[in-house]
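Quick note, the sequences are listed as chains A and B, same order. Its first residue numbered 1, the first sequence is counted upward by one per residue in my numbering. Its first residue numbered 1, the second sequence is counted upward by one per residue in my numbering.
Honestly, I wouldn't trust all of these hints.
Calculated pairs, BS3-like style, for lysine-lysine (alpha carbon to alpha carbon, straight line, at most 30 Å) [claimed, not checked]:
1) A:K66 - B:K84
2) A:K220 - B:K346
3) B:K297 - B:K74
FRET-style restraints, in silico, Cβ to Cβ [stated by the list, open to error]:
4) A:A22 - B:D372: 39 to 47 Å
5) B:Q441 - A:E162: 22 to 30 Å
6) A:I221 - B:L11: 36 to 44 Å
7) A:R208 - B:N342: 54 to 62 Å
8) B:K84 - A:A213: 46 to 54 Å
In case anyone wonders, no lab produced these hints; they're calculated from the structure. For each residue, glycine too, the CB sits at the ideal point set by N, CA and C.
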Amino acid sequence: MRTIDMSTTPLRDLNAALQAQAAEQTEPTWEILNPRGSHAVAVGLDAPLAITIKGSTGYYCAGMNKQASIHVTGSVGPGVAENMMSGSVVVDGDASQYAGATGHGGLLVIKGNASSRCGISMKGIDIVVHGNIGHMSAFMAQTGNLVVLGDAGDALGDSLYEARLFVRGAVKSLGSDCIEKEMRPEHIALLADLLERAGADARPEEFRRYGSARQLYHFKIDNASAY
Amino acid sequence: MSDETTIPQTLPRQSATFSNDVNSEIRRAAATGIYDIRGGGAKRKVPHFDDLLFLGASMSRYPLEGYREKCETKVVLGTRFAKKPIELAIPITIAGMSFGSLSGPAKEALGRGATLAGTSTTTGDGGMTEEERGHSKTLVYQYLPSRYGMNPDDLRRADAIEVVVGQGAKPGGGGMLLGQKITERVAGMRNLPVGIDQRSACRHPDWTGPDDLEIKILELREITGWEKPIYVKIGGARPYYDTALAVKAGADVVVLDGMQGGTAATQDVFIEHVGQPTLACIRPAVKALQDLGMHRKVQLIISGGIRSGADVAKALALGADVVSIGTAALIALGDNHPRWENEYQKLGTTTGAYDDWHEGRDPAGITTQDSDLMARLDPIEAGRRLRNYLTVMTLECQTIARACGKSHVHNLEPEDLCALTIEAAAMAGVPLSGTNWIPGQGGF
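Next up, chain A with everything else stripped away, as it sits in the complex (with noise of 0.2 Å):
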């Protein structure tokens, strides 16, 4: 294993020596210690790494995300995993404002809580929050899974198009054209299966379905209130 503290080592050279392992494939074991809230931290991997950072993070830890498996002990700032592609970042702490934003690719597990804007624009990332999401999350969700074993906030899924939402607890309000769906036996065969990979103790089940109701993916007059 490297350890690499970023009280000494500034970020350039921590990313960089991350994102060179994509050609060298040398350290498949990583810690990062003392981000202290730094940005950007661990962004852009592409390489099968185990990388545990100790402590909390900003904006847009483990942006872009490819291969990578990052852990980080602490809480994580905005836009935590945004665009992530393939891998999984797990957080043991909170997620601020859009967690997962447009992501593509992988798992991304929040222990606490995510705020606002959780899985914005998601587009075929899974995200698992074990407490609570903030309002507007999953705001023009194109596809993947969001999976809230907590409560959501106003605007649950506002503008969807075909991504599912899975929600155990109580959802404030549902944004335009996302509604309750029927949750059948392949919903349920997929929930168990991240749930199990999120590490989350709850049970299919308990959760209910939402998505969209597709009134709004053409322009129709008799829409105009929605927009």
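Dock chain B against the given chain A, drawing on the hints supplied.
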């Protein structure tokens, strides 16, 4: 009084307020219940580069010999932070236009033409295609609110990254691509269902405001090893402050698009009524750069209604480093060509007025995803036409610069210009022709 006496009649008088154009829009709105969507930029007449003239050389200025003395056109972009700035042979680039709004052959033609001319082209709101990457020596990759097709591999394959905050046709508006053009390929690149009316967000999903943008730019630089120049594109809204904030956020290059800049599809009311004319945007943006000590250090690209080498020269004289063309490039490829007049008539329009780019029925095969229509555009021939056009514009710009005694097109300056109208003089900050009066700066 005899029956033969006739009462003089007044001529039928059309209302200036309720013109035939206005009335036809009222009838269209009443019939459909939805706003009019179209492509292109503002069609209304606004003060523009035509309202400026170069003074040329005479007793107090020496011109350069047209065919003997060099007038350089090379431009370097991204010298502020990027390890690998990009070098263009000419001060004219191709603006961002999406695959989806444009056909694959059209994107290929843009890449071919730009490369032959020694300049760059730009992706759009649909990700990077092999057609354009493969045929563009220098490709700028747009980073848009939708993030359609966004991925780190394409970021690294790009030569520069353009964070799009706004565009001149619709400052404050997001993208739009109607279902007729959401084919399987387009839908696949955007992670969307086939055939839906696609709405793009107008705000970025993971940052708000210039303080956040500074951190977003840091992330993009970290992902790409600080190699790529990072542009920030803004619409012509508040050019002084928007430019200053883009610089503050860390931009290497500011792209400023005035209201004549085109779009693939937007509400007509947005195109015609939001944003400022290109001419009005340049001097405030340049002043912001000068006030920050960043003029020529952060490069300024101007777009929106550039048509000729004269327009290029005027934009540069007002302080821009480069201009960018979109609509003009499409016309060079073959858009709105008279050879398709019969087909334009069938679509209820005519050559030069065709702007229903969102419908995907473009007879020229440019703004379409219909395989039969797009086959009409030969990307090699169209690319050559674009190259020729870019070459002509560059020669025209050099001709003017030499006449003003300049050995590099960047040496053109506001003192080389005068204005034909008070409005243009005020916007461009140059004297009204025949006077020393710059409106707003005293001296009347």
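Evaluation of the provided hints:
1. Between K66 (chain A) and K84 (chain B) the alpha-carbon distance is near 25 Å, which keeps this suggested pair within the 30 Å criterion.
2. Under the criterion of a C-alpha separation no larger than 30 Å, the hint pairing K220 (chain A) with K346 (chain B) is consistent with the structure, at around 26 Å.
3. At roughly 15 Å between alpha-carbon atoms, K297 (chain B) and K74 (chain B) fall within 30 Å of each other, so this suggested pair holds.
4. Between A22 (chain A) and D372 (chain B) the Cβ separation comes to about 43 Å, which falls inside the hinted range of 39 to 47 Å.
5. Between Q441 (chain B) and E162 (chain A), the C-beta spacing of about 57 Å breaks the proposed range 22 to 30 Å.
6. A C-beta distance of roughly 39 Å is found between I221 (chain A) and L11 (chain B), which places it inside the suggested range of 36 to 44 Å.
7. For the pair R208 (chain A) and N342 (chain B), the beta carbons lie near 57 Å from each other, so the given range of 54 to 62 Å is met.
8. For the hinted restraint 46 to 54 Å between K84 (chain B) and A213 (chain A), the CB-CB distance of approximately 48 Å keeps it satisfied.
Hint 5 from the list above is the single one not met by this structure.
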